[in-house]
Structure formats: C-alpha cells, structure tokens
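Q: Let the sequences and hints guide you as you build the complete structure.
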Amino acid sequence: MSQVELRSLWKIYPRGNVVGVKELSFTIQNEEFLAILGPSGGGKSSTLRMLAGLEDITRGELAFDGKVVNHLGPAERNVALAFESYALYQRLSVYENIAFPLRARGMRRAEVEKKVRWIAELLDLNPLLKKYPGSLAGGQQQRVSLARAFVRRPNLTLLDEPISHMDQRLRAEIRARIRHLHEEMHNTTVYVTHDQAEAVSLCDRVVILHKAQLQQIGTVDEIWNRPANQFVASFVGEPAMNFLPARLRDRASVTLPQVDHGAVLSFQGELEPSSAAEVTLGIRPQEIKVLRSAEVANTLPCAVRLLEFQGESTVLTLTMDGPAKDSVKVAVPAGEPYAVGERLWLKMRPESIHLFQGDRPVLRRRLLS
Amino acid sequence: MAEVKLEGVTKLYGRKKAVDGVSVTCREGEFLSIFGPTGAGKSTILKMIAGIEEISAGTIRFNGEVVNDLPPQARNVSMAFESYNLYPHMNVYDNVAFPLRAPRWGLKLDRAEERRRVTEIADFLGIGELLERLPQHLSGGQKQRVSLARALVRRPEVYLLDEPIAHLDARLKFSTQSLLKEFASQYGSTIIYVTHDYREALALSHRIVVLRRGAIEQEGTPLEVFHTPKSDFVGRLIGEPPMNLIDGEAGSREGEAWFQVGDRFGLAIRGPLAEGMRACTRTEGGRSVARLGIRPENVRVSRTQPGPTAFQLPVYALVQEAQSTVITFELPETFFYVRTQQEIGSANYRVGEPLWVDLDPAKIFFFPKTVPLASKA
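Chains A and B, in that order, are what the protein sequence lines are. Every letter in the first sequence is one number past the one before it in numbering that gives the first Met the number 0, and letter 275, counting from 1, is 274. Every letter in the second sequence is one number past the one before it in numbering that gives the first Met the number 0, and letter 20, counting from 1, is 19.
It is worth saying that the hints were derived from the structure and are not from the lab. Virtual Cβ for every residue (Gly too), placed ideally from N, Cα, C. Each hint should be verified, as a subset may be incorrect.
Incomplete in silico selection of chain B near chain A, CB under 10 angstroms [to be verified]:
#1 P36
#2 S184
#3 L201
#4 L203
#5 I215
#6 P221
#7 I237
#8 P241
#9 A321
Cβ-to-Cβ under 7 angstroms is the rule here; a few derived chain B residues that face chain A [said to hold, decoys possible]:
#10 K180
#11 P240
#12 E296
#13 V318
A: Below, the structure written as structure tokens:
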C-alpha cells in the first residue's frame, strides 16, 4: 500500500483539445478509503485512468510513496482494479479468475491457493469457485471481481462504480462487504462514483470533481457542513440543499425580502468580515423542522404543494408566503400526515443555516466532530 | 381522460405466460404504478394497453369500451419508453413537437401556439436550452427527458410511461420525479407508470400494483404496500437496505410463543403477533418453520442490554450515511441490517464488537416463505 500524490495533474485529449482534468492536486493517504465523486463528464474517469496507468498524463506528476510513476504501466504500478462491468475472464473459473493476479506475479502454487481460499471465505465465494463467470448472477460476478481486486495488497486499489447498476438489495450487501473488506485489510482504496450517497456512506474522505477541476477534498463532515462552494453544497445530499435570496441584517441575522414581507432569521457561525449585504441562504431539507403553528423565532409561513412518500420519510415541497412564491423542500418522518394545501411553518435552526455570496460560502459553520 | 380497465389480461409467448390474468382498473385521473422486479411483465402490460403488443386473452377497456382490436394510433395514448426512441434526424424541438403535428389528433396548432407548448414542457423538464440539438449530441439523461417531454406535450386520454426516468443520474432523477408529480397533480391526468424503483412507486402513485412473474401480488396505496406488505416478496422489494427476512423455528417456551433462529437467538412472540406467526408456520423436514420480517429502521441497537427480548450479534460492517448509520450483522443465510439515526461523526461502534439488538415488536411481520433467502448469494 502506498501514499499516492497527485501534483498538478493535467489531462488534455489531443482530439478537439478537450481538457479532461485541470491542474489536479491532492494526496491519498496510506490505508485511506477515498471517494472521487462528481457528475458525469466532471473528470472522474480521466483521473481514475491516469491513476491506473491506462491513460498518459499530459502534464504534472503522479507519485507513489514519493516516487514518480508517470512512465510506469499498470502492472509496474501494482494497482488492482474492479469495474462496474466486472471484466472477468469468461474462460477461466472463478478460482482461476481470483488467482490470476497472484500467478501473474509468480506466486507459488500453495501460497496462491491459501490466498484464494482466504478471500473466498471472506466474500462467501467458496461454493462458486469451480463455476464459470457466465453461469453467475450479477451480484456474484461483482463479488468475484472484488475478490480479484482484494486478494493481494497492491499499492492502490481502484473501484469504478462497482455497484451503481445493482438493485437495492444487492447494493446494500456489496456496500457492507466492501466496508468490511476495508476494515480487514486497510488497502489504500479509491472509489469512483457519481452517486453522492454511495461516496458519503462508504468512504472516509471525498474528492469532488466538476468541470475537470477539484471542487473540494475533505471528510464527509467537512463536505456536508462546510461545503467549499455552492456546487458542492447542492451536489451532496438528497433532496438537494434549498437556496433562497437573503440580505444581511447584522452579524447574526438575515432578512428574506421575498418571504412573508421580509422575514428575519438568525444564524450561527463566523461571518466573513468583507461579505456584502446580498447573500444566498442555504439549508438542507433534512435540517428544517415543520410546525403546525407559528413560533416567534426563525419560523416562516408556507403551504404544502407536493407530497412525496418515500417509506420511512416523506419529502414535502412547500411554497413560501411572499411575492416570489419560492419553493422549499423538507424531509419529514413519514408518520405525520400532511395534506396538499395545508398551511405550515418552517423552523430553521440558526446552526443549520449556510450563507453564500456568489458561489463562495461566507459563513464558517461548526463541524460535528 | 379515460378510465382504463384490464380484465384477465394474459400474454403468452409460446407456452410461457409473460402476463397471467391481470385484472386492475386505473380510474380516471389516477396515477397507477406497475411495480416489480425485472422480468415481471410490467412493460408487456403497458405495451398491450398501448396496442403495440397483442393480447392473448382477456379484455382492455377505455371508458368501458373494449379496445383489444384497435391499432395503437386509434387509442388516444401517449407513451415514453425506457429506450428513448427519438427520431435521429430531427432536432429536439421537432421531436417534442411531433405528436402535436400528427394529423390524426387534428390539433392544427399555429406556429406560435406550437412553440409555446413545446417550450413550456421543455422548460418544465429543464431541456429548454437543447431545442436546436440533434439527439446524437445529447447525453443519455438528456435524451430520456426529451422522450418524456414528447410524451407529455399532448393531452391524451392516458399517459403510459415506462421507466421514464430510470437513466437519469441520482440527482436529476429526484428532481424530475417531483416534476412528474407536479405535472400529474396540475393536469389531473390518467397515468399508468412502470417502474422497478420503489422510491418512484411510493412517491408518485395513488395506487401501486405489485407484479410477480406476470401476476398481481398486491394492489394498494403506497401506504398500504409499505406498511402491510402482503408477502415476503413485497416486503423485500421496498427499502434500502430492504426489509430483513429471517427464517426460524416457531414453537413455544414456558407457555409463550417463541421464534428461534438457529442457536444464535430467539424471541418471545406476544399478543396478536403470536397468532400471525402461527398462521404463517409451515412444516419443513419435520420442523415448524416461519419467516420473520422487519425493516432496518425498526430495530434498535445498544451496548447495554435494553430488555429481555434483545439478543447479541457481532458487527460485520458499519456504513455511515449523512444522517444515519447502517449497521450490518451476519446471519447464517443472510445479512441483517439496522439503520440508526445518527449524525456524521457520532457513530463509534466498531467492527467485530458485539451489540445488543432489539426488534420493535409492533413492527414485526410474519410471512409464509415464498422467496428464497439466499441474499448472500
């Protein structure tokens, strides 16, 4: 396992001069489980392929434990890969598929057998070892693919959307298995995904890429509570963060000119001294309380426009009182019945409020840990 | 708007029954979802309603009138398919405007009115910027929204939507789902909607038909399907992680009904639940066996023993989500999931650590065994 350092990496595709990745710098710590998250076309795949050695690096340096590896191929970098598409050898049995990377490194037969049995036990593959990939279900194939990636301790393990197309039952299972494997082995692992829920739930730290550029790198707590910009704030969390135009009233409160004739909300955290009066207030749907009657502080009147039942919770779309009829989404526990048209009051706790100016946050909020 | 009534609708492919005697009514203005796993026959039903797939047996009525023998163009329906089916040589505008120009609806809109309608639906679905582009220059998610816009631009008797948002990425899926709900409530249209995603089915529908191997397994409101699943099959289709299913031996101990799972743990089953367990008990190899179901949200875990019915299991994995943590335990045949409400940074359990697990008795279900467990398959 290695510490992996990206130093001002660029990927420029000569055809059409398309920039895949722009001056990307961050470090993957030894034994860390890191997610690379972003919408499609954001630069995730280019980054993954450069890490794996499947793609040339146009400019910049990639170093494993301080040693530059730009010119090394995938095998010399000692990188293990598992893809969404499994990429298993159809003519080899499950056993031979898992053994493949070990044999390729010239490991002795007895040692290979020991290793394969060990990972097969861990991933419940023992009954399948003699079968061929073609006869396996999708979830089983993905477990073989994971076994092949985790059977040895490479410098870096890369997982590319390994569960995004599975049904929810398999997703829950493979998630648990991947997390379990990481606790067992502490491989340095990079998990590439477009699904923010996946990244947040599996990984210790998250890198967010958008428009070929690094948006933020941080723990889930940092990404969630201190998003580096409005893109990150809106990309992480579901339903997405609500945004409302606001005006600073003083160092601890804003007014919402478009809501209820200028409602006043107080907030907590350190306000940037230079911030202008016009800001955007952000608040997550999970962090708004819904009341059936008005309270004095930090409540806003609204009416229910849509109800989306999700099982354990319900997502309400609410229209705020006021000229702009702004809409806000709130996630509430499903037990409470609400009706379309019903009048409600939203309570926004001061510590839940984010403030942005343009794209940038201007309120430094408290972290949870 | 129409009422759509299916009576004993069956589809045979050779000797295989793809759809098996489905009877259901979609009322006028209703949003009805046909929900089930891949291969259950959902799309086949929709195609028979549209008229692009022949009906082997049974009848389909629109407002009481049998339409079995009407060709698709004689049924006033709009469709969106999972495979976008866009005209590759037409730009987005012309693709969306196409149904408005079809002579058989006799709409004869003038240019300005046509543009108004196309722009309205395109803006609504967030593809207003793409009107001049050709399909080949669109991403999968954009194509799918164009296909949906084309289906929604006209006001037919019935909308038939087959996984219309399945290929959108997570973020867009959620917002487009809200838009669809908004559309449905605004126009009060009759919509029949095919999906394998339980979130869409629960969020959008007035009623849900759960399909299993071509036949109806359960029919009910989203609340009914969620809170009173008729079988282990329905229970396990909903939730992420889905409902836990555990097989055990149904018996009694010290005068109380008792459910024993291997030598791992057992629990006393009290009150009306004991009756439920008995009703679901079957004899299997000389043993009385029942299947317990409980959702991950209805289990509590703790370091200290919370009560007499709790039992201990070692933690297999911890998956921390934004507002909760999923704790996974390993049972002989399956994984057992528990979701605890915990914010980021507050979880401190460790893998391998034994925890006390306590099931909320009010949220326990018993089912006859109808699906193979093998979730560790």
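Q: Determine for every hint whether it applies to the structure shown.
A: Structure-based check of all given hints:
no. : hint : result
1   : P36  : 7 angstroms, holds
2   : S184 : 7 angstroms, holds
3   : L201 : 5 angstroms, holds
4   : L203 : 8 angstroms, holds
5   : I215 : 21 angstroms, violated
6   : P221 : 5 angstroms, holds
7   : I237 : 6 angstroms, holds
8   : P241 : 5 angstroms, holds
9   : A321 : 5 angstroms, holds
10  : K180 : 5 angstroms, holds
11  : P240 : 4 angstroms, holds
12  : E296 : 5 angstroms, holds
13  : V318 : 5 angstroms, holds
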